[in-house]
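Engineer: Since chain R is already given, all that's left is putting chain V on it; use the hints.
One-letter residues, chain by chain:
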Amino acid sequence: MYNEFMITVRLSQKKKELELPGPRRVMDLLADAGVRPTTVIVTQGKKLLTKDHRVEDGATIDVTSVVSGG
Amino acid sequence: MKCKRCRRAEAAVELPSHHAAFCPDCFFIFFRRQVTEGIRKLRLLAPEDRVLVCVSGGKDSLVLWDVLMDEGYETDGLHIDLGIDGYSDRSKGKVLAYAASRGKTPIVVELAKEGIPIPEAARCVRMQECSICGTVKRYFFNRIAAEGKFTVVATGHNLDDETARLLGNLLHWQRGHLVRQHPSLPEEEGGLVRKVKPLWRVSEMETAAYGFLKGIDYVTEECPLSFDATSLVYKEALSRIEDRMPGTRIVFYQGFLDPSNPLRNGPWAAPAADAAPMPGDAPVVDTMRATEVDAGKNGGAPQACASCGAPTYAETCSFCRLKERVRKARSLRAAKVSR
Chain R
2 MYNEFMITVR LSQKKKELEL PGPRRVMDLL ADAGVRPTTV IVTQGKKLLT KDHRVEDGAT
62 IDVTSVVSGG
Chain V
5 MKCKRCRRAE AAVELPSHHA AFCPDCFFIF FRRQVTEGIR KLRLLAPEDR VLVCVSGGKD
65 SLVLWDVLMD EGYETDGLHI DLGIDGYSDR SKGKVLAYAA SRGKTPIVVE LAKEGIPIPE
125 AARCVRMQEC SICGTVKRYF FNRIAAEGKF TVVATGHNLD DETARLLGNL LHWQRGHLVR
185 QHPSLPEEEG GLVRKVKPLW RVSEMETAAY GFLKGIDYVT EECPLSFDAT SLVYKEALSR
245 IEDRMPGTRI VFYQGFLDPS NPLRNGPWAA PAADAAPMPG DAPVVDTMRA TEVDAGKNGG
305 APQACASCGA PTYAETCSFC RLKERVRKAR SLRAAKVSR
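Residue numbers (this note's numbering), protein chains in the order written: chain R, 2 to 71; chain V, 5 to 343.
If we strip away everything but chain R, and leave its shape as in the complex, we get:
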C-alpha cells in the first residue's frame, strides 16, 4: 500500500517488500534491508540510482540482485 511517509523497497528476487522511513540514502536503505550494495542494482522507475542517492518519502525503489549462479 502507498505510504507517503515511507519508502517502499522492493526486493524482487526475495519476493519481499519493505516499508522504511525516509528520506534516506540508498546505501542506508540497503543496510537496513540487509543487502550488500555491491551485489545489487537499485532502480527507481527507469532511473538507475547510485548508492549515495537520496530517496524521498513516498518513493518506491527496486533492488535487483546481479549475482548469477551455476
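By construction, these hints were calculated from the structure, which means they are not laboratory data. You may find that some hints are simply not true.
Unchecked claim - Computed cross-link-like contacts, PhoX-like style, restricted to lysine-lysine with a CA-CA straight-line distance of at most 20 angstroms:
no.	chain 1	residue 1	chain 2	residue 2
1	V	K218	R	K47
2	V	K8	R	K52
3	V	K6	R	K52
4	V	K117	V	K332
5	V	K218	V	K108
6	R	K48	V	K6
7	V	K153	V	K108
8	V	K8	R	K48
9	V	K6	R	K47
10	V	K218	R	K48
As the list claims (entries may be wrong) - Some, not all, of what chain V presents toward chain R, calculated at C-beta under 8 angstroms:
no.	residue
11	G62
12	E208
13	S230
14	K239
All C-beta atoms in this analysis are idealised placements derived from N, C-alpha and C, irrespective of residue type, glycine included.
Structural biologist: Chain V only, in chain R's frame:
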C-alpha cells in the same frame, strides 16, 4: 554525484574498481570500450567471424549479444530450453522478445524434445543438475556451431564468473583446469569449435547496469536448480574482498592470464591427472574439453562419436553416454512400474 567523464550529467553507475562514476551515455561508451578492449587484447574475434552467441535469457548473454551486434559482428543467438518447469519458458520468452526487437530469430534447442530435459535427466542418473546442464549445453553449443558453419561460439561469462572459477580451481589445485582456463579456447582438430568469453573484463554489476540502462528485458530470477552451486560461494568470497579492496578481481584475473604466469606455462602447464571435478565443482569446468581431451591425452587424434559424430577421444561422446544412461534408467523405472 556528477559523471567523472562528462562532468555535467548526474552519475548513474559508480565503479569503485575504476575510481569512476558515469552518467548513462558515458557508461555506454565505457562499457563498450571495456568489451572491445577485452576482445582486442586477447584477439577473441575477427571482423570476418560468424559468431554463435549462446543466450540464456539472463543479463550477461543478452548484453553480450547486444554489444556484439552494435559492434557490427555477424551473430546469431542460440538458446537451449533446459526443460525446467516455468523458469525455462520465462527465459525463452525473454530471448525471443529481445531477438525480435533486434529483427533476429534465435536458434532454439528444446531438451525435452531431445529426450534429455535437465531435471528428469538428473533424477535418472543421480547427478548434479548443474553438471548435466554443463555437459549438455557444451555439446549443443559445439554441434550447432559446427553444423551452422559458425567460426566461433561466444558465451556471456563475465569477470565475476571467471574469477570465481579461478578461485575454485586454485583452492583445489586443479592443475589441468587451470592450464585450460582462458577467455579463448582455440579450435581443435576433429571439430571442436573455438570458444570465447568477450565479457571477461566486465563485472556482473556492470552488465546488469548496462542491460537495465539499455532497456534489455532480461530474466532476473535465478535458475531454481542452481541455488547451492559452489560457484556462488566463491563469488561471495571474492565480492567481500572486492568490497574492501576495489579492483582486486581484475588484478587477480589479469595476473592469471599474463603469459609469463607459471600457472599457465612451464612445468605446471603439463597435463595433470587431477582434472577430474571435485565434489560440487562441476559447474565451473569445461566438461566437453576436460573429459574428452583428457581421455585422449595419451596421444591420438579425436575421432567421431560412434553414435552422433561429435568429436571425442572415447568411442562415444560424453553427451551420448549421458543420454544412454538416462534411457536405461527410464527403461528400468518403467519395468519396475509394470511389475
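Engineer: Is the Cα-Cα distance between K8 (chain V) and K48 (chain R) 20 angstroms or less?
Structural biologist: holds (18 angstroms)
Engineer: Check the hint pairing K218 (chain V) with K47 (chain R) against an upper bound of 20 angstroms on the C-alpha distance.
Structural biologist: Holds, because 10 angstroms separates the two Cα atoms, which is no more than 20 angstroms.
Engineer: Hint check: K8 (chain V) vs K52 (chain R), CA-CA at most 20 angstroms. Holds or violated?
Structural biologist: holds (16 angstroms)
Engineer: Does the structure keep K218 (chain V) and K48 (chain R) at a Cα separation of 20 angstroms or less?
Structural biologist: holds (11 angstroms)
Engineer: Between K6 (chain V) and K52 (chain R), is the straight-line Cα distance small enough, at 20 angstroms or below?
Structural biologist: Status holds; Cα separation ~13 angstroms.
Engineer: Assess, step by step, whether the Cα of K48 (chain R) is no farther than 20 angstroms from the Cα of K6 (chain V), and give holds or violated.
Structural biologist: holds (15 angstroms)
Engineer: Given the hint that K218 (chain V) pairs with K108 (chain V), test it: the Cα-Cα distance must not exceed 20 angstroms.
Structural biologist: holds (17 angstroms)
Engineer: Holds or violated: is the Cβ of S230 (chain V) closer than 8 angstroms to a Cβ in chain R?
Structural biologist: holds (3 angstroms)
Engineer: For K153 (chain V) and K108 (chain V), compute the direct alpha-carbon distance and say whether it is at most 20 angstroms.
Structural biologist: The hint holds at about 18 angstroms.
Engineer: Would you check the hint for K117 (chain V) and K332 (chain V), treating anything up to 20 angstroms between C-alpha atoms as holding?
Structural biologist: holds (18 angstroms)
Engineer: If you take the shortest Cβ to Cβ gap from G62 (chain V) to chain R, is it below 8 angstroms?
Structural biologist: holds (6 angstroms)
Engineer: Mind checking the CB of E208 (chain V) against every CB in chain R and telling me if the closest is under 8 angstroms?
Structural biologist: Cβ of E208 (chain V) sits 4 angstroms from chain R, so the hint holds.
Every hint, counting from the list given before, is met by this structure.
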